[in-house]
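Asks: Sequence:
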Amino acid sequence: MQVTFKGKPIEIQGNPVQVGEQIPDVQMKNGQGELVSLHDLLKGKVTVLSVVPDVLTRTCELQTKHFQDATKDKGYQFITASRNSVDEFNQWNRDNQLNVASLSDTNQEFGQAMGIEIDLGGKTVLTRSVFVVDPELHIVYAQYVPEIAEEPDYEPVLTVADQIKE
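The numbers in UniProt numbering rise by one with no breaks, and the one at position 102 of the sequence shown is 102.
There is no bait here: all hints are sound.
Here are the computed lysine-lysine pairs in the DSSO-like style, where the Cα-Cα straight-line distance is at most 27 Å:
no. : residue 1 : residue 2
1   : Lys165    : Lys45
2   : Lys43     : Lys72
3   : Lys123    : Lys6
4   : Lys29     : Lys74
5   : Lys29     : Lys72
6   : Lys45     : Lys72
7   : Lys123    : Lys8
8   : Lys65     : Lys43
9   : Lys165    : Lys43
10  : Lys29     : Lys43
11  : Lys45     : Lys74
12  : Lys45     : Lys29
13  : Lys65     : Lys6
14  : Lys165    : Lys74
15  : Lys123    : Lys29
16  : Lys165    : Lys72
17  : Lys43     : Lys74
18  : Lys65     : Lys29
19  : Lys65     : Lys45
20  : Lys65     : Lys165
21  : Lys65     : Lys123
Just so you know, the hints here were simulated from the structure itself, not pulled from any lab data.
The task is simple: from the sequences and hints, build the whole structure.
Replies: This is the structure in structure tokens:
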């Protein structure tokens with residue numbers, strides 16, 4: 001599978017997860033720096049899992065803020081995942097006066113298991129994508145943003161999350 005960055009083709013490394021598959025159980029660091037099981041964190045909840053290459057960049061910031069605002073008071077959880085460190089996520093939250101739940105994939109387990117790694121200028125990051133995960137840990141919606149310099153299509157993500165929450 002291929003995406004582009006400012007029009008330049010980039011191959012996604014691995015086989016991206018698909019709708020119907022169970023989300024892989026990997027260890028990631030939460031905002032407190034604790035290693036947590038993705039399954040333990042998501043089980044029993046409808047989750048919008050927003051994946052960004054680097055939360056410190058403008059498009060990633062817009063995506064994170066949009067989902068944070070759009071999912072507030074919806075009855076499901078919203079989490080942002082990237083290769084940013086816990087400290088970078090926490091600083092981003094302070095700078096933006098937010099408290100976005102974050103998962104740091106600095107150990108690279110998540111990106112590899114999900115099949116969503118890309119090489120961006122010699123740095124391996126996660127491709128811009130969004131997943132809706134049901135309470136039984138199945139991926140019920142997956143969006144791989146074709147041009148990673150652009151924001152995702154928010155509406156279908158929120159529509160699916162709203163539907164399965166009911």
